[in-house]
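Asks: Each chain, written out:
Number of protein chains: 2
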Amino acid sequence: MKIALAQLNYHIGNFTTNLQKMKIRVNLAKDQHADLIIFSELAVCGYPPRDFLEFPDFIQQSEKVVKALAKLSNNIAIIVGAPTVNPQPEGKDLFNSAYFLFEGKVQHIAHKALLPTYDIFDEYRYFEPQTNFKVIEFKNERIALTVCEDIWNIGNENPLYTICPMDEMMDQQPTLCINISASPFDYTHAEERIKICKENVARYKLPMLYCNQVGAHTEVIFDGGSLVIDQNGHVVDEMPYFREAFAVYDTGILKADNKHRNNERPKDKMQLMHHALLLGIKDYFDKLGFKKAILGLSGGIDSALTLALAAEALGKDNVRSILMPSQFSSQHSVDDSVTLCHNLGSPYDLIGINQVYQTYLQLLHPQFEDTEFDVTEENLQARIRGVILMAISNKFGYIVLNTSNKSEAAVGYGTLYGDMCGGLSVIGDVYKMEVYELARYINRNGEIIPNNIIEKAPSAELRPNQKDSDSLPDYAILDQILFQYIERRQGPKAIIKMGFDEDLVKRVLRLVNINEYKRYQTAPMLRVSTKAFGMGRRMPIVAKYLG
Amino acid sequence: MKIALAQLNYHIGNFTTNLQKMKIRVNLAKDQHADLIIFSELAVCGYPPRDFLEFPDFIQQSEKVVKALAKLSNNIAIIVGAPTVNPQPEGKDLFNSAYFLFEGKVQHIAHKALLPTYDIFDEYRYFEPQTNFKVIEFKNERIALTVCEDIWNIGNENPLYTICPMDEMMDQQPTLCINISASPFDYTHAEERIKICKENVARYKLPMLYCNQVGAHTEVIFDGGSLVIDQNGHVVDEMPYFREAFAVYDTGILKADNKHRNNERPKDKMQLMHHALLLGIKDYFDKLGFKKAILGLSGGIDSALTLALAAEALGKDNVRSILMPSQFSSQHSVDDSVTLCHNLGSPYDLIGINQVYQTYLQLLHPQFEDTEFDVTEENLQARIRGVILMAISNKFGYIVLNTSNKSEAAVGYGTLYGDMCGGLSVIGDVYKMEVYELARYINRNGEIIPNNIIEKAPSAELRPNQKDSDSLPDYAILDQILFQYIERRQGPKAIIKMGFDEDLVKRVLRLVNINEYKRYQTAPMLRVSTKAFGMGRRMPIVAKYLG
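Just so you know, the protein sequences line up as chains U and E, in that order. Sequential numbering of the first sequence, starting at 6, is according to my numbering. Sequential numbering of the second sequence, starting at 6, is according to my numbering.
In case anyone wonders, no lab produced these hints; they're calculated from the structure. Treat the hints loosely; a few may be bogus.
Any copy, or any two copies together, can satisfy a pair, since identical chains are not distinguished.
What the hints assert, rightly or not - Distance condition first, Cα-Cα at most 35 angstroms in a straight line; then the derived DSBU-like pairs of lysine-lysine:
no.: 1; residue 1: Lys287; residue 2: Lys523
no.: 2; residue 1: Lys511; residue 2: Lys69
no.: 3; residue 1: Lys296; residue 2: Lys523
no.: 4; residue 1: Lys523; residue 2: Lys400
no.: 5; residue 1: Lys472; residue 2: Lys7
no.: 6; residue 1: Lys400; residue 2: Lys511
no.: 7; residue 1: Lys110; residue 2: Lys498
no.: 8; residue 1: Lys110; residue 2: Lys511
no.: 9; residue 1: Lys523; residue 2: Lys274
no.: 10; residue 1: Lys26; residue 2: Lys511
no.: 11; residue 1: Lys72; residue 2: Lys511
no.: 12; residue 1: Lys297; residue 2: Lys472
no.: 13; residue 1: Lys461; residue 2: Lys297
no.: 14; residue 1: Lys502; residue 2: Lys26
no.: 15; residue 1: Lys26; residue 2: Lys139
no.: 16; residue 1: Lys400; residue 2: Lys274
no.: 17; residue 1: Lys502; residue 2: Lys472
no.: 18; residue 1: Lys200; residue 2: Lys472
no.: 19; residue 1: Lys110; residue 2: Lys260
no.: 20; residue 1: Lys264; residue 2: Lys297
no.: 21; residue 1: Lys72; residue 2: Lys536
no.: 22; residue 1: Lys549; residue 2: Lys321
no.: 23; residue 1: Lys35; residue 2: Lys110
no.: 24; residue 1: Lys76; residue 2: Lys472
no.: 25; residue 1: Lys549; residue 2: Lys72
no.: 26; residue 1: Lys69; residue 2: Lys210
no.: 27; residue 1: Lys523; residue 2: Lys69
If you're wondering where the values come from, they're calculated on a predicted model, not measured in any experiment.
Chain U with its partners taken away, still in its complex shape:
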């Protein structure tokens, strides 16, 4: 039997485009005499569709696409993910399903049993879990068909679920395991995914075809990396990361000896993050129908990295940098920014903000008389820059890129509606130390980001001789404390026990918690870590824990 894997980039709610993409691959698979083609989880409507699932009209549109696909299934079977309506009156209204289409009809529907409801996932919000499981007979195979999370409940000491779908199917003697997924990227995920797939193969002694989606949906990025693993646990193929792919496999190879193949791809953290961010930027613009970006280029490392990434993702001519020095800006900030734009061949404008700044101060003089220069005047400069970026963006139809990093976002070191403005936060899930690493990675074949930007001490330049280190601990320390609190959910006692200064730990954790209100109003941040700010980290604003 020949099986085609289609690792595609879908668009949520864009039923026409999704169907069109799948049609092309069905025809391609037919041309290559495939018996079966596999698309990913909720491919029909795009994943994650979120609360669109609550709209009956959305579900009906999805059902129409399934019918259209069924019509194509005359000489080929099709496995495709789509929501189905729960016919029972009790329980959630929908299932997250894998359709098995053949001979123009729906032959079988397997529902997802393990519904991730943690981090960015809300599946139990919409879906009822499957409780009975049936192997599909097709040609000379008995297929155990599962959806994403269904294969992830093995080998953990602390499993999230009380059942294991594959265990439930083993007495029906399946010969082949097929899993359709929409399993999002983080920089550890490709490794985790391959590990869990191999563990499944080892446990059930069954070859596995695993079909993931690729592409970014707002902040969530999918890396693809679909897998074909033989019954001995050797990787026959690992599809590319961060791009669409299509291939046809003969099931014969799944039972052959593939010991000497080595088809696993390198999993370098910086390389993965770099590609993930590029795809995240590109898909945000492509899928919203925008071409051009604008950003404030300060002379610091964060906006420099954001520009380098955006220029690579969108094309150097499609990113316009605005340099907006104030009286507190140093000459090297402007010079380094200009050098970077020259290195990239990217356009820039120089717009000094001093006169607007003075006009505001004069206007607010009656209110501010007898007060000292404080964070107000710092924020004022940042907000003037925000207003200028938004004005040019409005006038010419650009999207403003937010340039804050994860360390700043964590402790609230940024100005709401100022440098925190923008439609998409490119590096909001990248800690400051990782920002440096990424900058060096981008310079791996020669200087793109001027070394001076990488080497100078970070400063917001909002008052004379300001340095980040005036108000924040060393980023090397800060990032470690943040990682323990955010990614690892460690409390103050545990972090102090690791050897960090008690006052510092308490101060940092407090800053993270009391700045929730700022993050609430920040643009979506491209997710590259196991715990990003945004939809995957849901915190009360009004609270008093460690605050």
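Given the structure of chain U, go ahead and fit chain E onto it with the hints provided.
Replies: Okay, now just chain E, sitting in the frame of chain U:
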């Protein structure tokens, strides 16, 4: 037996204050010879604690409070909600539990079985559901103890869950039903709550004590309205809405004839919304430790209503209005605003923005040369106002109140970082037609909001002779379409079938969907309807459904 109900306002993560509040009521109950005192769901840590539940340190602090409460239970039993750790390795790490404390010890723990995971609720994100149920014997009663949602799965045609906890307990012959809740307000909820409680009493022929919390936690408001219902379904007491309450009831009355009592409170929509918004504002400030608010007063109805509400919630001296006319503002806007401030006795500043506006235009002249006046220049004015509000807020430690209404938020009629700025959106869940109703309600005993503000045609005054009706349909029509789409999740076909113009419906639904990016960056909106923007309505930004 005497039972005390304590309907309290907790603070998420503020274990010390929550314990202190409960201690006072335990002592009060002891003074009044109560045998049992009941606190609400997750009272110990505050509800909803959201992802703080993922921090072991947070759970440990909660457990300490439970221990401290147990120590107080020597002469009185205590029912109180707190998270408990799931001892099984499989499943979620926690339960959402009701502790039964007596004689210094934990006598029983009942876990919540029905875990709301829809709208603003994420309980299956954290909690494993209860699967076995045990009645508690105490004195001469057999108590069926449940948590919130557990009693809501009856009488529906389309129940969300497959089990019903009270059904499971009936063969243990309970004599009394006690439910601890954290059941959030919307303007239909008090009626729903009393209905569901009566349905439970009717079905099980058991008297019921229902203890809700009161108070606001960021956008979510709890109205209290705790209930005591006798075995015949008559309401013995409905506790007040929107304030703390404490009372002791003799179980004798639960078996008596209360037919002629009428203790149900009036449920007028405007009165409820009004009180809810006041509590929402007050608790946002109180629990964050702020006293003073600032807002931009435009002369329109939205900011007028916001000011009237804030002045009532925080005190007239604690709300400072900033009038910021531009060259496009009409004199009546300033006059009406001044009248309103005089009516309230509330301070205001007049800060014209024209000079700053001209300075920006001059600065951007090289970029904007040869372009026409468009939405850019409109947004620029709104953003200058945002910058001024934020500057005064930063300088004096005020919180900026956002004044956008739900109709505007829905269709994106507002400027990001301009009039959409602020820490809390007061009327972001109030449709424009309801804004008028509320304004008239506030004027019920005499003119507070000048009638001229209520009667004039709404205008953003960002270009000459602008009216909202230039770019939006009549609010009377718009609000109905929005309600069908947002609250009722109707699709375009269904709404058109109701008799609305096809092009208009398609345009409105498209506007709602493509403006998700703006709402994503808006302040939390006090939730008063059954479907508010924010945490209860989770939509993709990058999507193409009805867009």
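Asks: Hint by hint, note whether the structure agrees.
Replies: Hint-by-hint comparison with the structure:
no.: 1; hint: Lys287 x Lys523; verdict: both (26 angstroms within a copy, 20 angstroms between copies)
no.: 2; hint: Lys511 x Lys69; verdict: between (55 angstroms within a copy, 20 angstroms between copies)
no.: 3; hint: Lys296 x Lys523; verdict: both (28 angstroms within a copy, 19 angstroms between copies)
no.: 4; hint: Lys523 x Lys400; verdict: both (27 angstroms within a copy, 17 angstroms between copies)
no.: 5; hint: Lys472 x Lys7; verdict: neither (62 angstroms within a copy, 64 angstroms between copies)
no.: 6; hint: Lys400 x Lys511; verdict: between (45 angstroms within a copy, 26 angstroms between copies)
no.: 7; hint: Lys110 x Lys498; verdict: between (59 angstroms within a copy, 27 angstroms between copies)
no.: 8; hint: Lys110 x Lys511; verdict: between (61 angstroms within a copy, 33 angstroms between copies)
no.: 9; hint: Lys523 x Lys274; verdict: both (29 angstroms within a copy, 33 angstroms between copies)
no.: 10; hint: Lys26 x Lys511; verdict: between (52 angstroms within a copy, 26 angstroms between copies)
no.: 11; hint: Lys72 x Lys511; verdict: between (57 angstroms within a copy, 25 angstroms between copies)
no.: 12; hint: Lys297 x Lys472; verdict: both (32 angstroms within a copy, 32 angstroms between copies)
no.: 13; hint: Lys461 x Lys297; verdict: within (30 angstroms within a copy, 41 angstroms between copies)
no.: 14; hint: Lys502 x Lys26; verdict: between (53 angstroms within a copy, 33 angstroms between copies)
no.: 15; hint: Lys26 x Lys139; verdict: within (29 angstroms within a copy, 55 angstroms between copies)
no.: 16; hint: Lys400 x Lys274; verdict: neither (38 angstroms within a copy, 43 angstroms between copies)
no.: 17; hint: Lys502 x Lys472; verdict: within (29 angstroms within a copy, 62 angstroms between copies)
no.: 18; hint: Lys200 x Lys472; verdict: neither (44 angstroms within a copy, 61 angstroms between copies)
no.: 19; hint: Lys110 x Lys260; verdict: within (30 angstroms within a copy, 61 angstroms between copies)
no.: 20; hint: Lys264 x Lys297; verdict: neither (48 angstroms within a copy, 70 angstroms between copies)
no.: 21; hint: Lys72 x Lys536; verdict: between (38 angstroms within a copy, 32 angstroms between copies)
no.: 22; hint: Lys549 x Lys321; verdict: between (46 angstroms within a copy, 27 angstroms between copies)
no.: 23; hint: Lys35 x Lys110; verdict: within (17 angstroms within a copy, 70 angstroms between copies)
no.: 24; hint: Lys76 x Lys472; verdict: neither (65 angstroms within a copy, 52 angstroms between copies)
no.: 25; hint: Lys549 x Lys72; verdict: between (52 angstroms within a copy, 20 angstroms between copies)
no.: 26; hint: Lys69 x Lys210; verdict: neither (37 angstroms within a copy, 48 angstroms between copies)
no.: 27; hint: Lys523 x Lys69; verdict: between (42 angstroms within a copy, 31 angstroms between copies)
When held up to the earlier numbered hints, the structure conflicts with 5, 16, 18, 20, 24 and 26 and fits the remainder.
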